[in-house]
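Engineer: Below, each chain spelled out in residue letters.
Number of protein chains: 2
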Amino acid sequence: MYFGAIEAGGTKFVCAVSNEQLEIISRVSIPTTSPAATLEGVFEFFDSYELSSIGIGSFGPIDINKQSKTYGYITSTPKPGWDYFNFVGAIKSRYHVPVAFTTDVNAAAYGEFKQGSAVGSSSCLYLTIGTGIGGGAVVNGEILEGFSHPEMGHLLVRKHPEDQYEGHCPYHKDCFEGLAAGPALEGRYGINGRELASNEKVWEMEASYIAQALVNYTLILRPEKIILGGGVMKQTQLFPLIRAAFAALLNNYVETPELNDYIVSPGFGDNAGIMGSLLLARETHGSVID
Amino acid sequence: MYFGAIEAGGTKFVCAVSNEQLEIISRVSIPTTSPAATLEGVFEFFDSYELSSIGIGSFGPIDINKQSKTYGYITSTPKPGWDYFNFVGAIKSRYHVPVAFTTDVNAAAYGEFKQGSAVGSSSCLYLTIGTGIGGGAVVNGEILEGFSHPEMGHLLVRKHPEDQYEGHCPYHKDCFEGLAAGPALEGRYGINGRELASNEKVWEMEASYIAQALVNYTLILRPEKIILGGGVMKQTQLFPLIRAAFAALLNNYVETPELNDYIVSPGFGDNAGIMGSLLLARETHGSVID
Chain A
16 MYFGAIEAGG
26 TKFVCAVSNE
36 QLEIISRVSI
46 PTTSPAATLE
56 GVFEFFDSYE
66 LSSIGIGSFG
76 PIDINKQSKT
86 YGYITSTPKP
96 GWDYFNFVGA
106 IKSRYHVPVA
116 FTTDVNAAAY
126 GEFKQGSAVG
136 SSSCLYLTIG
146 TGIGGGAVVN
156 GEILEGFSHP
166 EMGHLLVRKH
176 PEDQYEGHCP
186 YHKDCFEGLA
196 AGPALEGRYG
206 INGRELASNE
216 KVWEMEASYI
226 AQALVNYTLI
236 LRPEKIILGG
246 GVMKQTQLFP
256 LIRAAFAALL
266 NNYVETPELN
276 DYIVSPGFGD
286 NAGIMGSLLL
296 ARETHGSVID
Chain B
16 MYFGAIEAGG
26 TKFVCAVSNE
36 QLEIISRVSI
46 PTTSPAATLE
56 GVFEFFDSYE
66 LSSIGIGSFG
76 PIDINKQSKT
86 YGYITSTPKP
96 GWDYFNFVGA
106 IKSRYHVPVA
116 FTTDVNAAAY
126 GEFKQGSAVG
136 SSSCLYLTIG
146 TGIGGGAVVN
156 GEILEGFSHP
166 EMGHLLVRKH
176 PEDQYEGHCP
186 YHKDCFEGLA
196 AGPALEGRYG
206 INGRELASNE
216 KVWEMEASYI
226 AQALVNYTLI
236 LRPEKIILGG
246 GVMKQTQLFP
256 LIRAAFAALL
266 NNYVETPELN
276 DYIVSPGFGD
286 NAGIMGSLLL
296 ARETHGSVID
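Residue numbers (the working numbering), protein chains in the order written: chain A, 16 to 305; chain B, 16 to 305.
A couple of the hints might just be wrong.
Stated by the list, open to error - 27 Å max Cα-Cα, derived DSS-like pairs, lysine-lysine:
id	chain 1	residue 1	chain 2	residue 2
1	A	188	B	216
2	B	107	B	188
3	B	107	B	81
4	B	188	B	174
5	B	188	A	174
6	A	216	A	174
7	A	129	A	94
8	B	81	A	216
9	A	216	B	107
10	B	107	A	129
11	A	107	A	84
12	B	94	A	81
13	B	174	B	129
14	A	188	B	81
15	A	174	B	249
16	B	81	A	174
To be verified - What the simulated footprint calls covered on chain B by chain A, stretch by stretch (three residues with Cβ under 8 Å from a Cβ of chain A suffice, anywhere in the stretch; the number is not a length):
id	segment
17	44-51
18	65-77
19	95-102
20	202-214
In short, the hints are calculated from the structure, not lab data.
Note that the structure is predicted; figures quoted are calculated from it, not measured.
Think of the CB as a built atom: it goes at the ideal place given N, C-alpha and C, for glycine as much as any other residue.
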């Protein structure tokens, strides 16, 4: 039996096929262009397998409400061609198998929860900090959903007193994403974040924003584990800075796991999303195809 | 069959007994003094009934981890005599019935979810704004818990540009509770909030802080309903101000229910906590007494 997974990102689609034990037997990376061209690549890859089910972790916003007429769609994205694209519909009409559909960060949170850094917990938070900032969470063993999926990157945060940068979020200017995603580093200093690696001040400010957001996530969700992924977190010098700033801000108000075990890297590294999508595929296998 | 409920607050304990239909047949309010004297009042009230189970919504912090040695305790409260008081143990050793134990705000959230303002949803948030600020939530039909219960009142918020008040939170000074709970109104203006009812500026600033917190709760939890209770929210002129400030801050970034249906009063008014505790009592009835 084979399971299929798609981690659908704004720049690339990663597709994988696994066996029943979720061992990946083949994978491919397809540049995200138009829906038609991108899906053609996906179909070409999946067509060689008899898939039992497919899990999708997608860039958003997406419609995850099964009662909605636009369930399974990517909704109001500014990405040309993709707004109101019926993603699940396109996959189902090709393969006629059950499809699980959630956000890329929910899939990553679920992968880490089931088999990665958060194994043994009943809750976790996965945050990606890269070109954008997004978060997904598991609460009481289930993916956190409500009216729709979270959009945790846009928290309102306090401006660092030495920060002159106005923020780049088109909706909120200086929200968390507007001040701390990759483009903010470039916008503030005029050069790419990777070229700032040795500049301590840069990472102290970055850590102070991340820590603020983590304090708020902690007070609201009380997750057992916070997992930080994405391109900016490749700057691993951030981890101790974030933990120190977090401890200072929280000021022992609530108990957390020991911070080295609480604020951690993904167990699956860059594979958290694809592993979560495979896990969701396996769980949806056997369900009714509607 | 009778169910018992305790809404254990820092100033009073409200106890109630209901029939199987959760109709309250008797209730009493007992001032919170020492644990021994307060429990004596609770026992005197409950002793007249053959209770099948008891639900408790307690002031905190409390230990809700059933694997913990201090499960059922009120933990590190500054309230004299109550720190590390074995609340569930005291009740169980008297009545030998199943006891459900959660925070006062979790109980209120659950009451509103099951039978109050959030009926028909799978998620909601209940926030009380009074002497302190606390929040509880229901996610995918279950009370939100993780490493422990939420402490949503202490979110880090942005200071209002015209606010000279330093905040009264002993842990964080100018967190949400430090700037927006009842004592902040008194600390900022020198008179009790109730005497400020006609001062529009006061409520605009108050609403701006509440709206900030609601934006962050919304982005993280995406609840289907936000229910605002507590003494400060008796100033019902706050509701339209909060909705307007919320809309301006969120700037249509994510969809929410129509704001008049989203940011609402408790369906049970001041009874949300006791009704939630009765519901939890009924659900725990029949479970094993450990």
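Engineer: Compare the structure with each hint and give your call.
Structural biologist: Against the structure, the hints:
1. Restraint check for residue 188(A) and residue 216(B): the C-alpha separation of about 26 Å stays at or below 27 Å, so the hint holds.
2. Among the hinted pairs, residue 107(B) with residue 188(B) is inconsistent with the structure: their alpha-carbon atoms are about 38 Å apart, more than 27 Å.
3. Only pairs whose Cα atoms come within 27 Å are accepted, and residue 107(B) paired with residue 81(B) is accepted, the gap being roughly 15 Å.
4. At most 27 Å may separate the alpha-carbon atoms for a hinted pair to count; residue 188(B) and residue 174(B) meet this at roughly 11 Å.
5. At roughly 17 Å between alpha-carbon atoms, residue 188(B) and residue 174(A) fall within 27 Å of each other, so this suggested pair holds.
6. About 15 Å separates the Cα atoms of residue 216(A) and residue 174(A), which keeps this hinted pair within 27 Å; it holds.
7. Only pairs whose Cα atoms come within 27 Å are accepted, and residue 129(A) paired with residue 94(A) is rejected, the gap being roughly 31 Å.
8. Distance hint between residue 81(B) and residue 216(A) is unfulfilled; the C-alpha atoms sit about 44 Å from each other, more than 27 Å.
9. Between residue 216(A) and residue 107(B), the direct Cα distance comes to roughly 55 Å. Violation of the 27 Å bound is thereby established for this hinted pair.
10. With a C-alpha separation of about 36 Å, the suggested pair residue 107(B) and residue 129(A) falls outside the 27 Å cut-off, and the hint is violated.
11. Restraint check for residue 107(A) and residue 84(A): satisfied, since their Cα atoms lie roughly 16 Å apart, inside the 27 Å limit.
12. The hinted pair formed by residue 94(B) and residue 81(A) fails the criterion: a straight-line CA distance of about 47 Å is larger than 27 Å.
13. Distance check on the hinted pair: residue 174(B) and residue 129(B) sit about 36 Å apart at the alpha-carbon level, beyond 27 Å; violated.
14. Annotation: proposed proximity of residue 188(A) to residue 81(B) is violated, straight-line Cα distance about 44 Å (limit 27 Å).
15. At roughly 32 Å between alpha-carbon atoms, residue 174(A) and residue 249(B) are farther apart than 27 Å, so this suggested pair is violated.
16. Pair hint residue 81(B) plus residue 174(A) does not hold up; C-alpha atoms about 40 Å apart against a cutoff of 27 Å.
17. For the segment 44-51 of chain B, the stated coverage by chain A is violated: 0 residues have a C-beta nearer than 8 Å to a C-beta of that chain, whereas at least 3 were required.
18. With a cut-off of 8 Å between beta carbons, the segment 65-77 of chain B has 1 residues touching chain A; three or more are needed, and the interface restraint is violated.
19. Judged by the Cβ-Cβ criterion of 8 Å, the segment 95-102 of chain B is not covered by chain A as claimed, because only 0 of its residues qualify and three are needed.
20. For the segment 202-214 of chain B, the proposed coverage by chain A is not satisfied: 0 residues have a C-beta within less than 8 Å of a C-beta in that chain, short of the threshold of three.
Hints 2, 7, 8, 9, 10, 12, 13, 14, 15, 16, 17, 18, 19, 20 from the earlier list are contradicted by this structure; the remaining hints agree with it.
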